[in-house]
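Number of protein chains: 2
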Amino acid sequence: MPDSRLGSGETEGSKSSPLQQGERQAWPDSRQQREEHILDAAATLLIRWGYRKTTIDDVAREAGVGKGTIYLHWRDKNRSEEHTIFRASQHATEDTLRRLAADPDGGLFHRLWSHGMLAILADPLLSALIQGKQEIFQGLIDALPPETLKQLIGNAEEHIVQLQAAGLIRADLPVPIIAFLMGALKIGIISTSDVLDKEHAISMEQLTEALSDLMRRWLEPEHLPSDSAVGKRIFAQWLKTTNEIEKQHH
Amino acid sequence: MPDSRLGSGETEGSKSSPLQQGERQAWPDSRQQREEHILDAAATLLIRWGYRKTTIDDVAREAGVGKGTIYLHWRDKNRSEEHTIFRASQHATEDTLRRLAADPDGGLFHRLWSHGMLAILADPLLSALIQGKQEIFQGLIDALPPETLKQLIGNAEEHIVQLQAAGLIRADLPVPIIAFLMGALKIGIISTSDVLDKEHAISMEQLTEALSDLMRRWLEPEHLPSDSAVGKRIFAQWLKTTNEIEKQHH
DNA sequence: ATGTGACTAGAATAACGAATCTGGTCATCT
DNA sequence: AGATGACCAGATTCGTTATTCTAGTCACAT
Chain F
19 MPDSRLGSGE TEGSKSSPLQ QGERQAWPDS RQQREEHILD AAATLLIRWG
69 YRKTTIDDVA REAGVGKGTI YLHWRDKNRS EEHTIFRASQ HATEDTLRRL
119 AADPDGGLFH RLWSHGMLAI LADPLLSALI QGKQEIFQGL IDALPPETLK
169 QLIGNAEEHI VQLQAAGLIR ADLPVPIIAF LMGALKIGII STSDVLDKEH
219 AISMEQLTEA LSDLMRRWLE PEHLPSDSAV GKRIFAQWLK TTNEIEKQHH
Chain B
19 MPDSRLGSGE TEGSKSSPLQ QGERQAWPDS RQQREEHILD AAATLLIRWG
69 YRKTTIDDVA REAGVGKGTI YLHWRDKNRS EEHTIFRASQ HATEDTLRRL
119 AADPDGGLFH RLWSHGMLAI LADPLLSALI QGKQEIFQGL IDALPPETLK
169 QLIGNAEEHI VQLQAAGLIR ADLPVPIIAF LMGALKIGII STSDVLDKEH
219 AISMEQLTEA LSDLMRRWLE PEHLPSDSAV GKRIFAQWLK TTNEIEKQHH
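These protein sequence lines map, in sequence, to chains F and B.
For the first sequence, the working numbering begins at 19 and goes up steadily by one.
For the second sequence, the working numbering begins at 19 and goes up steadily by one.
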């Protein structure tokens, strides 16, 4: 599991050392490592109990640090949980880019879409967020910058314009309609994906294939640009920009 | 507005007579007319206040009849509201068939789908039901036969098999996947359609066209069957069956 | 017959003080 | 320094009682 950290800037030397198995854990962690641990804990509890029912004490206990320590990393509870969501989004982006890089057709739009879709689907936190599960984000969601959700759904019209210009998707459809339908499909899939497991066992591979097929037939033009690198560049650029916007909010 | 009543059985002779404008209304209605009025009232209030907050008294007042009268038509509150939903579904079916009949391409699958979609989208009650808006159906939804919702979403695999056999949709895709994605798309569209009005003014005509385009490219085979009547027959049959199933529940 | 609305029992809701919980601080410890 | 957890004020929840509401009935009116 390679993990290219685009993350929060600070780098620090101190490597982790003799990690012993105490009652929970006891690591003389580096600051960054500890932050990651705390965010892990926060994500776990956020999914399990939701924002309202997850207390700072819980997170601290789960992460094996003192309560005050959390306030050494974030100004308040909101900032900490926001960062948790931001990191999940970051991971999904990295995951998508990784999948695209490994895909020979990674420069084609239908691959971008299905890989991106699957990356979100794989993360329960992002799925819940897009589904608009208020019971999980109760109270936090208002504090969240409204951009975040929109970015996650990814119905950015600007991006569609770029793709049309590059000849990667059909130019004969109105941009707002494409944006609307792509968003609707994404939300619909995430909202009903729990049925997948229960009723019909559809594998993720099958779903990826089917989604690629759908997007290709619907949105890709007869003749694709010869240079496949163009697509890859645009996608990477787009995903990066998206993350930048979210990061601005700290 | 033609209205072929498939409804509740009873027929009665008494025609309506001098309808005067009282404080609300005063019609010596036929039994059936009155039932329609009550259902209209119930639908209005259901959308406005939801099931929990709508009382039988409210419905009676809105319909301009006495409270007891409602109990002359339905055993209890549940039955009355269920009938309201059933009627909405019936209307949507009739609406879809009417649109298909008026459409020269009414025998093609992509027309069925977009017309059906639009019919649901046009009815706030059905939209809310499919969206799973619990705040509206709170308490009623449990009493509802689980079939109802499934039928409304229309992800009936059986139907897809028929369509494949008739050569109206591609046969090279697994049925469960088609069912899943069609359901997801429908739910997504309905769930996000409120954004339509607000942000980007997408007309219903545009949406119909775009949906037709999507479904045709995604699901229709190269070569369509020459006899367009086949499609119409299958669609009519299917929509009828769907309604029958719901009607069984009274 | 047919329609009605006053009536009732049981359920839902409001009121409200007591008890508990929790985000954030800071004196203390390492 | 860097980290912690006891502590506090304000918010939330809980337990209880009082009040209101409403589905369904039925004696009466039309």
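Derived from the structure by calculation, the hints contain no laboratory data.
Any given hint could be a false lead.
It does not matter which identical chain is used: a pair holds within one copy or between any two.
Using 16 Å as the maximum straight-line C-alpha spacing, the simulated EDC-like pairs for lysine to aspartate or glutamate come out as follows [to be verified]:
{"#": "1", "residue 1": "K95", "residue 2": "D113"}
{"#": "2", "residue 1": "K250", "residue 2": "E227"}
{"#": "3", "residue 1": "K168", "residue 2": "E217"}
{"#": "4", "residue 1": "K168", "residue 2": "D212"}
{"#": "5", "residue 1": "K95", "residue 2": "E227"}
{"#": "6", "residue 1": "K151", "residue 2": "D58"}
{"#": "7", "residue 1": "K258", "residue 2": "E165"}
{"#": "8", "residue 1": "K151", "residue 2": "E238"}
Everything numeric in this text was worked out from a predicted model, so none of it was measured.
So, going through the hints one by one against the coordinates:
For a Cα distance limit of 16 Å, the shortest separation of K95 from D113 qualifies neither inside one copy, at 27 Å, nor across copies, at 52 Å. Proximity of K250 and E227 under a CA criterion of 16 Å is satisfied in neither setting, with 19 Å inside one chain copy and 31 Å between copies. For the identical chains of this complex, K168 and E217 are inter-copy neighbours only, at 13 Å across copies versus 30 Å inside a copy, given an alpha-carbon limit of 16 Å. For a Cα distance limit of 16 Å, the shortest separation of K168 from D212 across copies, 15 Å, qualifies, whereas the shortest one inside one copy, 22 Å, does not.
Taking the shortest alpha-carbon separations for K95 and E227, neither the intra-copy value of 40 Å nor the inter-copy value of 47 Å comes in at or below 16 Å. Proximity of K151 to D58 under the C-alpha cut-off of 16 Å is found in neither arrangement, the shortest distances being 20 Å within a copy and 32 Å between copies. In this homomeric assembly, K258 and E165 come within 16 Å of each other (Cα to Cα) only inside a single copy, at 15 Å, whereas the closest approach across copies is 44 Å. Neither within a single protomer nor between protomers do K151 and E238 lie at most 16 Å apart by alpha-carbon distance, with minima of 33 Å and 35 Å respectively.
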